[in-house]
Amino acid sequence: MGVSRRTFLAWSGLLGGAALVAPSLGLSGGGLVETAAEAAGEEGKEAAYYTACARNCGSKCILKAYVKDGVITRMGSDDAVADDPNNPQLRMCLRGWSYRKRVYAPDRLKYPMKRVGKRGEGKFERISWDEAFDLYAQWLKEVKAQFGPGAIYCMDGSGSIDLALHSTWRQLGPRFFRMYGGGTEQTLSYSSGARTVATPYTLGNLANSSAPTFRQTKLMLMWGWNPAENGMGTNTAYFLRQAKERGCKVYVIDPRFTDTAASYADVWVPLKPGTDVAMMSAMAWVIINEKLQDQGFVEKYTEGWQEWFDYITGKEDGQPKTPEWAEPITGVQANLIRQMAREYAAVKPAALVMGLGPQRTAYGEQVARCGPSLAALTGNIGILGGYHALMNWMMAFPSDGMKTLPMPGKPTAALPCNQWPDLFLKGKSGGYPVDIHMAVATGANYLNQGGNLNKAITALQNEGLKYFVVHEQFMTPTAKFADLLLPINSLFERMDIAHANGAAVFMPQIIPSLYESKSDWEIMTQVARRLGFEQEWTGGKTEEAWLKELAATSKLIPDWETFKKQQIVRLDLATPIVAFKEQVQDGKPFPTPSGKIEISSKRIKEANNPKMPAVPKYIADWESPGDPLAQKYPLQFIAPHSKQRVHSAFHNVPWVREVEPHALWINPVDAASRGIQNDDTIRIFNDRGEVHIIAWVTERIMPGVVALTEGAWYDPEEPGKPGSIDRAGCANVLTSDRPTPFAGATSQHTCLVQVARR
Amino acid sequence: MANKQLGFFINVERCIGCHACEVACKDKNDLEVGPRWRRVRIVEGGAYPKPFAYSISMACNHCKDPICVKVCPVGAYTKREDGLVIHDQSRCIGCRYCTFACPYAAPQFDESKGKAGKCSGCHDLVDKGQEPICVQACILRALEFGPLEELQQKHPGAVQSLPVLPDPKVTDPSVRLQPRPEVNSRPARIVDGHRTRQV
Chain Z
19 MGVSRRTFLA
29 WSGLLGGAAL
39 VAPSLGLSGG
49 GLVETAAEAA
59 GEEGKEAAYY
69 TACARNCGSK
79 CILKAYVKDG
89 VITRMGSDDA
99 VADDPNNPQL
109 RMCLRGWSYR
119 KRVYAPDRLK
129 YPMKRVGKRG
139 EGKFERISWD
149 EAFDLYAQWL
159 KEVKAQFGPG
169 AIYCMDGSGS
179 IDLALHSTWR
189 QLGPRFFRMY
199 GGGTEQTLSY
209 SSGARTVATP
219 YTLGNLANSS
229 APTFRQTKLM
239 LMWGWNPAEN
249 GMGTNTAYFL
259 RQAKERGCKV
269 YVIDPRFTDT
279 AASYADVWVP
289 LKPGTDVAMM
299 SAMAWVIINE
309 KLQDQGFVEK
319 YTEGWQEWFD
329 YITGKEDGQP
339 KTPEWAEPIT
349 GVQANLIRQM
359 AREYAAVKPA
369 ALVMGLGPQR
379 TAYGEQVARC
389 GPSLAALTGN
399 IGILGGYHAL
409 MNWMMAFPSD
419 GMKTLPMPGK
429 PTAALPCNQW
439 PDLFLKGKSG
449 GYPVDIHMAV
459 ATGANYLNQG
469 GNLNKAITAL
479 QNEGLKYFVV
489 HEQFMTPTAK
499 FADLLLPINS
509 LFERMDIAHA
519 NGAAVFMPQI
529 IPSLYESKSD
539 WEIMTQVARR
549 LGFEQEWTGG
559 KTEEAWLKEL
569 AATSKLIPDW
579 ETFKKQQIVR
589 LDLATPIVAF
599 KEQVQDGKPF
609 PTPSGKIEIS
619 SKRIKEANNP
629 KMPAVPKYIA
639 DWESPGDPLA
649 QKYPLQFIAP
659 HSKQRVHSAF
669 HNVPWVREVE
679 PHALWINPVD
689 AASRGIQNDD
699 TIRIFNDRGE
709 VHIIAWVTER
719 IMPGVVALTE
729 GAWYDPEEPG
739 KPGSIDRAGC
749 ANVLTSDRPT
759 PFAGATSQHT
769 CLVQVARR
Chain F
103 MANKQLGFFI
113 NVERCIGCHA
123 CEVACKDKND
133 LEVGPRWRRV
143 RIVEGGAYPK
153 PFAYSISMAC
163 NHCKDPICVK
173 VCPVGAYTKR
183 EDGLVIHDQS
193 RCIGCRYCTF
203 ACPYAAPQFD
213 ESKGKAGKCS
223 GCHDLVDKGQ
233 EPICVQACIL
243 RALEFGPLEE
253 LQQKHPGAVQ
263 SLPVLPDPKV
273 TDPSVRLQPR
283 PEVNSRPARI
293 VDGHRTRQV
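Which chain is which? The protein sequence lines are Z and F, in order. Residue 19 is where the first sequence starts when you use the numbering used here, and the numbers rise one by one after that. Residue 103 is where the second sequence starts when you use the numbering used here, and the numbers rise one by one after that.
No wet-lab data here; the hints were simulated from the structure. Some clues are possibly wrong.
[Said to hold, decoys possible] Derived DSS-like pairs: lysine-lysine, alpha-carbon spacing no greater than 27 Å straight-line:
1) Z:Lys444 / Z:Lys629
2) Z:Lys267 / F:Lys256
3) Z:Lys86 / F:Lys215
4) F:Lys230 / F:Lys256
5) F:Lys215 / Z:Lys262
6) F:Lys230 / Z:Lys63
7) F:Lys256 / Z:Lys262
8) Z:Lys583 / Z:Lys267
9) Z:Lys421 / Z:Lys599
10) Z:Lys159 / Z:Lys236
11) Z:Lys236 / F:Lys230
12) Z:Lys421 / Z:Lys444
13) F:Lys230 / Z:Lys583
14) Z:Lys318 / Z:Lys366
Could you build the full structure based on these sequences and the hints that come with them?
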């Protein structure tokens, strides 16, 4: 573990003032819970506390930690209530169960460090916290004085999320820099950039329905949506199983035969990446041509449908979007498209549920608008068991209305997060509003997680970037590029409140901060002190006082002391949440300019962007089989999520690594033509980089497409050198950073590669 | 409950292969990389565009006629009155006979300890009236634990074995499985962690 038990015993005395309250638990089927008051002072006694797994996976599950002598000895999950199919326990996945190995990972950063080698070489020397705070403050002062606050880039990642206090995502960093006078912030996310901009043009907002509503669904089209491997909200996979057991028929549309396809699909429909809109358009053609649409719904609730019909029927461009037209584009047989279209139009309620993968493509804005248009065509919006085809990473949960940390002020500039490498390299000369001279990463492994990793290396190594400060728990690929590297504690080492899915969870400080680690909040407090805004930063309040104040804004949380004891408060999950129910059932207008679902958008038309038509259209991706580049790089490359990681988090945990190999999925046809056998080490390459990893030859992926799950930690043969061969299987060595034309979002799934034996 | 053979029910139709049970077991039993006392194996077959895959989560089957008990030269295995088969690691000499003999490969050699080890049915939790940790962890509620007779009554379609599993006559495993149609199709390979076995 790297920390001796003796050290923990020495620290356990520190816990007196910390948040080790006794949870009073009405356990059913649950574990032994000694009161902390007894246990904390007593050597050899085991105590147990609930907390929440606050990771960016879409779910928020209950973690339970058993603690002895200040050390977490094992994990548990939600056993505080009896399990009930309508209100199931908030059980966690394998990552939650592996959390102890993450807390005590040997590569936890132990003390503050300053870079000594070249940026990215990963050479550091240990410094004291005082030196670190002084340096941090001095650099900020210098850059702000010389270039203005906009030269400071706030790289806030999702390493810590949905927490009242310690969320890095769009919370601590932006709050800190706004108080310091500005900073350049990130907008959108790598996950959902295109749909976040595009879908509201159609539906008005991003409202979602809850997973239990699918229990009423008779037909589901799970489109690029993989809830068996991505949480999609705690218990979503379980509610979907309940739907199956009630007889729901399921199509899974995905280039891979995912665990979702294996577990739920009656029919798997492999579809070439980036061709979703072609297939949806062909389904719309069948429905319109055979007059199967819900014309009443279309006329009452939608705007601009005639214009879309003209595109679909070919009246507009002379090309009817028939299944025969779509077959060579999508790789899906025309008859299968016909069958799906007819069933989707005939069976009600039917849910077209979409994941975010299809919108992380060149023209991701189109699919983000086409799905809801198709759902409107069949009248499946606003009804129980239907779905509005929102591309999502989690289903809706009831909300307790708790407020978040106040965020005064404004950033100097704000740009889509995925554009940072280009911004760092070009600044104002590239048309950006600012030049970046300093960056601060909190909870962000963006070198690893953004498109075109080698370009990102050159961005971090460019001389204009004077300082790079990284707050991290581990020596990640991004951390290796830090000038100043600060060790952050884990969620077990600080007090917080989590919004679990349908619950609020009091998260006590369960163990002392390991080594010299501190929370982002503490670090920012110290730096704010040196920069003269500590009072504004803390508001003169302790962390607990903030939590108590925020908790008081929740409809659900009782008084603070009761909440601290009770730890978990829950909302009823069984009451279905149906997005746009008020619009469809009660006649409220949709939150769009016309008050209707805007299949055609005037606002988009006015933007006059040739790559953003007013109605959703199929536009062939730049790196796709039709691109001349395909001569050189004939395989489409996608980087889906792995159940083993939350993006790059948990990559360093051996228990999750062990469950399955990290490898490139390749169809036997593509493998055979390259002389590749299962488990061979192969080269995957394009003009952006080269990865060496083993091949997973499988019938579970369509020919012409290869897949490597994102999040493995970049491991270059030559650290710090752009273009080095990666030996870890980091997908972003190959992906592109080219933004989508309207949202400026990431298009990482639009990528061509070649694969060869090494 | 005494005298009634305890066992696991595994709903193969529900299982999504998420491995939560497997990692919960590793945490509860504090296992290093290597031994996986409960492991989720993925059976794959068929050919594109009609492949199939299903997962079987299996630990020790606490057999009625446990071969581990028979082959152990030092008597490290005992079968409790409730049918759970317990391995006493303090008596184990690491001869590995049990690891070779068990048709389900439930006992596994732990390199870090130089001894065998296997699922004990979380008897410490069971004795306190709780469920084994894997059952508590199952996201799909595909694992159940209890008197075998009751499990069989609750799940009349459950079977003692599947075509890909060893002949149950050898040890009479205390397990019931809810099959799915694919179990009758010829598998091409079985994926077991980082090991893949062609069938």
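Hints, one by one, checked against the model:
no.	hint	in the structure
1	Z:Lys444 / Z:Lys629	24 Å, holds
2	Z:Lys267 / F:Lys256	25 Å, holds
3	Z:Lys86 / F:Lys215	23 Å, holds
4	F:Lys230 / F:Lys256	23 Å, holds
5	F:Lys215 / Z:Lys262	44 Å, violated
6	F:Lys230 / Z:Lys63	18 Å, holds
7	F:Lys256 / Z:Lys262	19 Å, holds
8	Z:Lys583 / Z:Lys267	44 Å, violated
9	Z:Lys421 / Z:Lys599	25 Å, holds
10	Z:Lys159 / Z:Lys236	61 Å, violated
11	Z:Lys236 / F:Lys230	42 Å, violated
12	Z:Lys421 / Z:Lys444	38 Å, violated
13	F:Lys230 / Z:Lys583	24 Å, holds
14	Z:Lys318 / Z:Lys366	18 Å, holds
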